[in-house]
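With the hints as your guide, set chain B onto chain A.
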Amino acid sequence: MDSNLPCFILFILIGCVKCSSDNHHHNGTRRYDYCVLGAGPAGLQMGYFLSKAKRDYIILERNSGPGSFFNKYPRHRKLISINKIHTGRQNREFNLRHDWNSLLSDRPDLLLKRVSTEFYPPADAFPLYLSMFVKELGLKVRYGVDIGMIRAVQSASGRSYILTDQHAADYTCSVLLVATGLWVPQKVQFVGSDLVEGYESISTNPEDYKDQAVLILGKGNSAFETAQSILGRASQVHMLSSSPVRLAWQTHYVGDLRAVNNELIDTYQLKSLDGLAEARLDKIGITQRKEQGGRRLGAQKKGQFYLTLKKYTQHQEKKNSSDVTGEEMPGYHIDNFSMRKPYDRVIRCLGFRFNFSVFDSSACPPNSDNAKGRLPGVTAWYEGINISGLFVLGTAAHSRDYRSSAGGFVHGFRYTARAVHRVLEQRYHSNRWPSTKLLITQLQSWILKRLGEASGPYQMFEVLGDVILLRGSHCEYVEEFTLQALPQFSSLSGHEVSNHGLIVLVMQYGHNKIDYLGWTRAETDWTKAWKSNFLHPVLYYYDKLPTEEEMKLRPHGWPLPRPKAIHHMVEDFLAEWETPISHIQPLRRFLEHCVQTDLRAFYAESCFRSSLSHRKPPLFCQQGYLKQQGVVHNSQLWQHVHDAGLMPTEQDAGTSGADPAFPNYLAQAGASMSSGLKLDF
Amino acid sequence: MWLCIAVFLLWMRSGGCSEKANTSELIEYTAADFYEKLHSGKMMFIYFEHHVSPTISLFLVELEKSADALQDYGVLVGKVNCNKELVQAYCTEERERHTAFLFRAGKEFLGFDLDTVFDVNSIVSEVLFAILREEVKYVHTDTDLLAMEKAARGKKDIVLGYVRSLGTQEHRSMMETAYVYGSKYQFILITGGPVLKHLGVDELSHSSQVWFLHCRAHSGLTTSLSSERCPLTRMRKPLSTLSLHSFLQLMEAPLVSEVYDDPSSVQPPQFPYQLTPQVFLFSRPATKQQDLDTATTLAWRLRGLALLVLVHRQSPAVKTSGEYNAAYRLPEKSSEVKYLTLHDHDEVLELFTNQEEEDEEEDEGWLEDEEVDSHFTKLDDEIAASVYENRGNFPDMDSITQLTSDNFHTAVTQSSLTVALFYLKWDAVSMAFLNSFIEVSERLADSEVQMSTVDCGEWTDLCAAQPGRSLPIPFQPITAFPSVLLLRPQESARHYRGMLGSEALHRFIMLSHPDSPVLLSTKEEVTSFLQEVPHPELAGYNPDRVLGLFKTQAHAGVPLFTEAAKSLRGEVLTALLTHGLAEKWAGEHAVVLPAVLVFPSWRTRTPPSTLPVSTSAEELLSHIHSALLHPLPELTVENLPSFLSLGKALLLLFVGEEEDEIGRRQNQALVEEMRGVVELGGVRMQRYLACWIHLGRTPAGMSVLGAYLGSMPPLPALVLSHLPSGCEIYQYPPNTPILASSVLQWLQRIEDGAESAAGMLGEDSWPPAVEFLDFLKIMDMQEPDSAQQQTPEEEEEEEEEEEGNKEEDEVVEKAADSSRSSPDNNPHSEL
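Those protein sequences? They're chains A and B, same order as listed.
Per UniProt numbering: the first sequence = residues 1 to 681.
Per UniProt numbering: the second sequence = residues 1 to 831.
Bound conformation, chain A alone (with noise of 0.2 Å):
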């Protein structure tokens, strides 16, 4: 076809620079209406979701098996992210809350308590995980298919991709779905930076650090992964990076460090020998003392390394050694620098990047602004900015979320693959958004049952969001929607708002700063809910879409523009929304006030009451009473309304004949205004 000479061209650039001269399969493309680009956890959730929907998908992957990543890292083997088997809880989505590494799938056993029971998983577990979940799913993974340049064309069919892999075969996808994740180690520029050894190939033997000062650069969970397994065996372990330790707990990001890495804060906090410090990495320099006149200087060892300031070595830029005078040290300009010894090593362990050089210019997502430019920029429905058709997946999807949601972890973007599924579905297939049509009486109690177990909100806090679109007596229920597309809403879901407006329910973190442990850290008014600090859901009212201005300029810390009417479910230590007075009583208000109408449930004694004295009763009788479901009041439960004066009182049939009707009448007629009923006298 016409695609065969372009590729002709590329087999020639690039192909006998990129590949083998083994080309025996080139022979035409191959077509596929969705490519996934890497079988790590992101594709694979994808490649379900795609699976599920029966469409025209492949599975791309360089290496033998899925999830190769983790055959390397973490280094130190052993995952971060919790496998909590036991929840005393039977609810399968409830339970995804505190399980961060299964992948979604209607399978409720396929999930990772089956390939290890640990609490951390080792890191082994996870591969064999992945593996289980293609096998048992059936999903079409190619393995061993390097692709090494990703261009877009345009066809009068539309625009496609094409994929060259190292064979120089060519794969032609109408939809790309980028999921190589980051591997590329991060590294910073700075005098002395070829001296550092890498986090991807130092060594993991705790004995080979025997009695060594080491520097380690970075404070992630990598750097304080690797301090934590040479703590033992070091004879100090200083950390250096731009800013000050983050602890996840206090920042509720998952990328900060976690506690189960920071037995460091410990040593260092108790004045043990290690030690944190902060400087920009790109203002220092690693340096090697020059011999001076070939003596050996006093004890020093040789190979040593000393860590100085760029500014102090800036007037020798002709030299391009790393070795220095001692002029050039920071101990010599001040007086009680605080490292001012040597180190036997320097360890980087700064984290990854995208890799972006294997997309032509045709197809190369920008760089996003956050992050050191590190990850593709990517827009709120996650594909590519100006490269549509090319979406990216997983970690390297980060750049949305990055350093405030979960989005670059797997408990997080298995559900940002799954709305980006959604809007393939409805953009290619025009098949909408899944959607719950519910009477709007059934809307709390709808809301709470969300509440009550929905993880993907509940993973991607401020992210992800259930949307609830008013439409008088009923409204629609669309799940997890990508909140920052909240203006797009109706061309990515594919659902029309209706002049009733629509409700936003997001799950939401306090911003303000706290004494984590303190006695003020959790708000348990529910009348000043709005200042909850753990993680509570928060709903949005708009009567229309915000528009992308009003995204934009949105307060400061909020994921959504102000709205008409908002309401904030006072956090709770169960994280449990549903006590009568606190969280249920004020949330019907705060409905009621989205629909303006009275959303209270009633008897059928009531219904019938009001059901004759007006027009129309209120809805809930409307929806229930009227349809010949009534509730009829238990006679248990009776004793109580009757007890608390919320109802009229029933007549003994005994008693009533004694007195003239009169004063019977009143009792009702009086107890029907006790009971919240308004009767225009």
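Please keep in mind that the hints were generated in silico from the structure rather than gathered at the bench.
In this text, a Cβ means the ideal position worked out from N, Cα and C, and glycines have one as well.
Hints may contain errors.
Ranges of calculated distance between the beta carbons of each label pair, as one might list FRET restraints [claimed, not checked]:
{"id": "1", "chain 1": "B", "residue 1": "763", "chain 2": "A", "residue 2": "543", "range": "19 to 27 Å"}
{"id": "2", "chain 1": "B", "residue 1": "255", "chain 2": "A", "residue 2": "543", "range": "51 to 59 Å"}
{"id": "3", "chain 1": "A", "residue 1": "472", "chain 2": "B", "residue 2": "742", "range": "38 to 46 Å"}
{"id": "4", "chain 1": "B", "residue 1": "618", "chain 2": "A", "residue 2": "543", "range": "17 to 25 Å"}
{"id": "5", "chain 1": "A", "residue 1": "516", "chain 2": "B", "residue 2": "503", "range": "50 to 58 Å"}
Showing chain B alone in chain A's frame:
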């Protein structure tokens, strides 16, 4: 209204109908006493008691309480017992039963409807209001007020009170004060009107207010106010008799007093001003007049808040340092004087107004809080509240199988009928119904019916009908709670769509027992189907029955009938009769095959309705449903919906509970008369549904009647409501005998527009009963910018700021030394 309040009070006292209020303390006048007092010209407030109903006895209690209060104003309070004493006219006329009377100067002065005098406050305020009718004026507009001011100028000061409604404690305070000070001041009472605008009050404001208009002496003073109007002072304290009294006294205090002593040795204000702060200003001989003018101006502004004292500095006794130009003394605590250097007299004003306002705010805030608190802490949903009240008792689920995703299929297969309740434990309706469900399961404990529940908060995939491993789930996802499904092995589930109560559910389950339709093959079976209930549990219950008669099983109508019968299962007993037996039966009953015979439960003697076999099951169903409806139903809580759905106007007869056989026969005659209306009216009556409510069996009907007419009419009462054309409610003339012909005439008059409505149906919009707590508003108040959209500039700035921080070269140096790192970098550093 009176009805409501009276009953409300009744309920508050939880006295019930039988308890009689103790009224013995109230002075009871004999006829002779009454006439004697009357002729002596005394003022008397008397109620003529005919029959002590609980409501009346409550009123009597209040009347007794007011006797003490009104005694102070020379009004005798008492009652005359008409059962013992006969005071002509008052004891004989019907209308006097709801009226209390005020007598003055030997004759009746005014009658008060009991709905305006229902408690001590309303009795005292209304009686005094009546007595002071001439003295206490009313103004509506500002012009009215101006005229009053002109009239009062140089003579009297005016006290203007605004109360939100009459008969309240505030109204009483105004009246009591007016009674005492009536000769001294001109009293004006308003309850609203444009004049409020002049006074600077928002009519929506809930608090009562009082102003003092200085009209008497005002000409002599130099004020900045327009000389047209009398200067006015607003009372800042909440209105009560006491606060009004002290406010008026304060208005009498000299505006500025001059002293030649040091403030510290000036006496604190004396009675009755001991609770008022003092403000001291200083005067020098050189600027004496100017100082006095300043003091006077300030004094006007401080009026009602503080007393102003002008201290002449030239006196050797004055020790106050020259650096101070003002001082004040607060009433509470020590009588210590505080000295100030003022740049502006507003500062003094602020000192006191702020304090006042704060106090006020606190007070109001507190009151509001209490009210709001009850909104916040009390459940206002009757079902939620009843479940909440019962929260201490856990339902006993022993008799119930709990279905899970794991045991669902096994459990359903094992039982011929599984009744499953899908519930959410936070849904009050679910939990209220769960109790009824348990009751049913206990009644069915020994039957083969398996009663079961599914907790949809836990078994979310089962409730969503997601097949777990292999077997399909025989129902659609459950999206409404509670839901009851009837499950039979190998069949798709059937929704229970009846009342959520134990009786109805139990009956449904029992009626679902036999096949639907039952295939009848012998004459005995036919008889048994038509005459017996399928289960001993149902003894005494008369179900509706439908019988299908077809020539052969192969008849095209049979599947239709069978389908209809399936969906009627549980509600109606159905049977199918074919072949020879059908023909024989049809012949005996003069029916042409094929036919569907409907035997409504209410029809005992007359033959069944015969329906043609329709073309679709839906059509057949709707025919069956309408054939089952009673033409002259007694409306009950349970059956109302099926009749309302007809969309007809209701010609509704309310009959009271019968005390005896005579009453019963009367009621029966009434219902017969209604039947007469239907029959006589013929086609004309088709747009109406003639129906009746027995208030003994359906007591909820009483408040309906009350709502229709505003009060309880004598029974029986016939009303026309739910007209498709409007909200009007018409009442058949109460004292006219209910006769078919006159009812029809009355209906005709209504159609002709010749009758006027006796009431209106309520609105069909049901706005929220309680306003939600507006967090956005609270945020805007407490953290003004936190919830505001950013402006485009802000957003940019922020980004720059972030960048800027990173560029700081200083950061490197500082940061390079961790032990010196700035503490603000790390808010968590606690070492």
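To see whether the hints hold, each was checked on the structure:
| no. | hint | result |
| --- | --- | --- |
| 1 | B:763 to A:543: 19 to 27 Å | 23 Å, holds |
| 2 | B:255 to A:543: 51 to 59 Å | 56 Å, holds |
| 3 | A:472 to B:742: 38 to 46 Å | 44 Å, holds |
| 4 | B:618 to A:543: 17 to 25 Å | 39 Å, violated |
| 5 | A:516 to B:503: 50 to 58 Å | 55 Å, holds |
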